[in-house]
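Spelled out from the first residue to the last, the chains are:
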Amino acid sequence: MSTATDKSSSLFGYVAEFSSASELYHAAEKIRDAGFRRWDVHTPYPVHGMDHAMGLGKSWLSAVVLCGGATGSLVALFMQFFTQVTLYPTVVQNKPTNLFTIPAFFPVTFELTILLSAFATLFGLLIFIMLPRWNHPLFNSRLFSKFSDDGFIMVVEARDPKFKKEETRDFLKEIGAEGIEEVAN
Amino acid sequence: MAGNSSADTQVHPSEAEGVAREPLVLNNRSMGWITERICGIVENRQPLIWWVLFVPSVALFGCLLFTLFYLVSTGVGVWGNNQPVAWGWAIVNFVFWIGIGHAGTLISAILFLTRQKWRTSVNRASEAMTLIAVMCAGIYPGFHVGRFWMVWFLAPIPNANGIWQNFKSPLLWDVFAVSTYFTVSVIFWYIGLIPDLATLRDRASKKLPKFLYGFFALGWRGGNRQWRHYEMAYLLLAALSTPLVLSVHSVVSFDFATSVVPGWHTTIFPPYFVAGAIFGGFAMVLTLMLPVRKLYGLEDMITAKHIDNMAKIILLTGTIVGYAYIMELFISYYGANKFESDAFHLRILSGPYTWAYYCMFFCNVIAPQVFWFKWCRHNLWVVFIIVNFVNAGMWFERFVIIPTSIARDFLPGQWGYYSPSWVEKLMFLGTFGMFLMLFLLFIRFLPVIAVSEVKGVLPEADPHYPDWKRLREKRRQSSAS
Chain Z
1 MSTATDKSSS LFGYVAEFSS ASELYHAAEK IRDAGFRRWD VHTPYPVHGM
51 DHAMGLGKSW LSAVVLCGGA TGSLVALFMQ FFTQVTLYPT VVQNKPTNLF
101 TIPAFFPVTF ELTILLSAFA TLFGLLIFIM LPRWNHPLFN SRLFSKFSDD
151 GFIMVVEARD PKFKKEETRD FLKEIGAEGI EEVAN
Chain L
1 MAGNSSADTQ VHPSEAEGVA REPLVLNNRS MGWITERICG IVENRQPLIW
51 WVLFVPSVAL FGCLLFTLFY LVSTGVGVWG NNQPVAWGWA IVNFVFWIGI
101 GHAGTLISAI LFLTRQKWRT SVNRASEAMT LIAVMCAGIY PGFHVGRFWM
151 VWFLAPIPNA NGIWQNFKSP LLWDVFAVST YFTVSVIFWY IGLIPDLATL
201 RDRASKKLPK FLYGFFALGW RGGNRQWRHY EMAYLLLAAL STPLVLSVHS
251 VVSFDFATSV VPGWHTTIFP PYFVAGAIFG GFAMVLTLML PVRKLYGLED
301 MITAKHIDNM AKIILLTGTI VGYAYIMELF ISYYGANKFE SDAFHLRILS
351 GPYTWAYYCM FFCNVIAPQV FWFKWCRHNL WVVFIIVNFV NAGMWFERFV
401 IIPTSIARDF LPGQWGYYSP SWVEKLMFLG TFGMFLMLFL LFIRFLPVIA
451 VSEVKGVLPE ADPHYPDWKR LREKRRQSSA S
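Chains as they are written, first to last, in my numbering: chain Z, 1 to 185; chain L, 1 to 481.
Just so you know, these hints were derived from the structure itself, not from any lab. All values derive from a computational prediction rather than experimental measurement. Just so you know, even glycine gets a beta-carbon here, dropped at the ideal spot from N, CA and C. Please note that the accuracy of each hint is not assured.
Straight-line Cα separation of at most 27 Å, DSSO-like style, residue types lysine-lysine; simulated pairs [claimed, not checked]:
| no. | chain 1 | residue 1 | chain 2 | residue 2 |
| --- | --- | --- | --- | --- |
| 1 | L | Lys117 | L | Lys425 |
| 2 | Z | Lys58 | L | Lys374 |
| 3 | Z | Lys58 | Z | Lys165 |
| 4 | L | Lys210 | Z | Lys146 |
| 5 | Z | Lys146 | L | Lys206 |
| 6 | Z | Lys173 | L | Lys469 |
| 7 | L | Lys117 | Z | Lys146 |
Computed beta-carbon distance windows for the label pairs [to be verified]:
| no. | chain 1 | residue 1 | chain 2 | residue 2 | range |
| --- | --- | --- | --- | --- | --- |
| 8 | L | Met327 | Z | Thr86 | 51 to 57 Å |
| 9 | L | Lys206 | Z | Lys173 | 49 to 55 Å |
| 10 | L | Val52 | Z | Phe139 | 36 to 42 Å |
| 11 | Z | Val75 | L | Phe373 | 50 to 56 Å |
Covered stretches of chain L (chain Z as the covering partner; in silico rule of three or more C-beta atoms under 8 Å from a C-beta of chain Z) [unchecked claim]:
| no. | region |
| --- | --- |
| 12 | 159–167 |
| 13 | 194–202 |
Turn these sequences into a full structure, and let the hints steer you where they fit.
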């Protein structure tokens, strides 16, 4: 037992290649059903339905963006009311300088809502997917680099509690892997 | 084995429909071929024509810098605009360029939300076009303020007397709209680029390109645990950009519509401007993409179907624009406002700029009507000529709206005639140089088609693709040889 953990500590995991999106999809279902947790599929494009095959739920990035948008609206309304109504009311074109100015404030409110939502999308995304991270053990694998061309790659990490050096390799072969590569940490 | 699953008994949706859809990528191209062809543009030497276009465009960009330098060092008087026509070519060109940008966002956002999969092979280049066009547009109001070094007054910062910007002014709305539009477009474009930058990173053999593409790819690994958030981000940005793009040209039209100038003060302006912007933008997309697809051999990805679809959008939006022109005339005739009816009388019959009105009407309304015929939509020369009519026509539209309305104001004593000075003409040519130069640099350094998105619309990209066994055989053979 102790030797197995020693070995797997130097091993990052297995990179396995499948020959099509269909095979990767079904392999993902089997890995999911086998109870693995620390694994992922790497594809050149987002495969439709893969979230379901992997047992992943909805992305809650939308909640972050909602908060960003709400912040944008509030900041814009505050900025406009505070500067135009409270701080220094300027009467231009006989427009009111009170609560009824609000129609004139809509365009800027709208734009800032969109702007802050977009920033929330960008930075929320980067936090959710934990990028930028320029160095990763997977970048040492030649097989892995095919993911950005036409490779359908599955990675099972050694730190997964279900991971066993021999059995996992055999299991990957059984579910249709065409080539398997070990990746060191 | 995966063979036990239901995948081989399922029928592909396109076959189940009974009507064979035209494939989005022709000749059964593989994913590897797509990567090779698109990344090859960046990795190989550019064709001679690239240099033939690049050198003069840099020279024209130099003219732009020179005219800007001359303008700042001398004063805005070097432009031909003066009372009564204070908004001359500067604002005409601003609206012209900002309008062109709209097609890029329409393709990337609205066609994404409406699940128009053909957008994938044209969205990257049109988004790049959007960004470059907005940069060209931004130059004009920046310098039109008179003292360029005071342009920070546009930002919401109080001046030395504690006076804030007037948030009730459409001009300030415009500042917010255009800067938001540019920023959101950059974010959208960049997020779309990340997977493709990773592809270029993984293919790069030289150190510097590998470092730079790798740096901007942020370490993208294409895992589904990344893709699922990425797809959500893309969807959200599309949903945010859709109302944004409709708002930008609406706000631009408010610059005119909220004034009291006859010829500007009309409620039809926002939808009319947005339709016109999409119309002119698609014309510019086709102007750029027709040569690019020919030069770099992208006909299998940007197919006749793409050009056909875009020509149809041009026909639709051009007809909406035509409706708006006629409705403007009708309202000025039917409404009881004397100034309004005089403004349009001067515009179409007796004014000094009637020639521009008829140029506009011919280029924007009559010329695109040939797209009713399939033969015209499929003949690349016809398409190219018509879209250039549209490019010119949309410029004339802004010219007709801006100087003709203010050259004939309420009081005949204030009437004047505007013609541009050589500085304005050279500057306008210069922005074309800048536009072309930046677009050529984009082709040179970034994937002109969204590689990952085009792969996603191939039939075999579907996990329920029925013929996956053949794919496996093909791949085994190619890896054996």
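Now the hints, each set against the structure:
no.: 1; hint: L:Lys117 x L:Lys425; result: violated, 40 Å
no.: 2; hint: Z:Lys58 x L:Lys374; result: violated, 43 Å
no.: 3; hint: Z:Lys58 x Z:Lys165; result: violated, 32 Å
no.: 4; hint: L:Lys210 x Z:Lys146; result: holds, 16 Å
no.: 5; hint: Z:Lys146 x L:Lys206; result: holds, 18 Å
no.: 6; hint: Z:Lys173 x L:Lys469; result: holds, 17 Å
no.: 7; hint: L:Lys117 x Z:Lys146; result: holds, 25 Å
no.: 8; hint: L:Met327 x Z:Thr86: 51 to 57 Å; result: violated, 42 Å
no.: 9; hint: L:Lys206 x Z:Lys173: 49 to 55 Å; result: violated, 37 Å
no.: 10; hint: L:Val52 x Z:Phe139: 36 to 42 Å; result: holds, 40 Å
no.: 11; hint: Z:Val75 x L:Phe373: 50 to 56 Å; result: holds, 52 Å
no.: 12; hint: 159–167; result: holds (count 6)
no.: 13; hint: 194–202; result: holds (count 5)
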